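The sequence shown begins at 1 in this note's numbering and counts up by one.
A portion of the hints provided could be inaccurate.
What the hints assert, rightly or not - With a Cα cut of at most 25 Å, we get these calculated BS3-like pairs of lysine-lysine:
hint	residue 1	residue 2
1	Lys113	Lys100
2	Lys95	Lys42
3	Lys42	Lys68
4	Lys113	Lys22
5	Lys16	Lys100
To be clear, the hints were calculated from the coordinates, so they are not data collected in a lab.
Because the structure is a prediction, the values reported are computed rather than measured.
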Amino acid sequence: MSVIVLIEDDLFFSSKIENLLKSSNYEIHTISKTEGLLDSLKQDIPDLILINLASSNLNPLSIIPEIKNQLNLRSIPIIGYCGHTQRELIEKALKLGCDKVLPNSVIVSTLPKLLNQILQPKL
1 MSVIVLIEDD
11 LFFSSKIENL
21 LKSSNYEIHT
31 ISKTEGLLDS
41 LKQDIPDLIL
51 INLASSNLNP
61 LSIIPEIKNQ
71 LNLRSIPIIG
81 YCGHTQRELI
91 EKALKLGCDK
101 VLPNSVIVST
111 LPKLLNQILQ
121 PKL
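Throw the hints in and build the complete structure from the sequences for me.
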């Protein structure tokens, strides 16, 4: 079973994404604060990371390069999401190492297919 870490501090989105991923047979770990984030990722290395790029509390634009600068974490795909009108945020996230950015409006409908493309089935 593939393990996905969701870095999200919005209860609405975390609940929505957690339910979607659980119903698609993914193991999901939600992290809602940056304290101890890297240590947590290093202890239980996930297969993919989802991150809310629009969170003002999590400072995602500093988290992404921190993850990508860790030798044992840099190969983990990072998918970000935010409002489709936040072009500058999207461009910055991609430059900093985010592998893909999805608009909030389609994350639920697009995510299962995208995860199937990125992650190899794990038994």
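Flag every earlier hint the structure violates by its number, smallest first.
none
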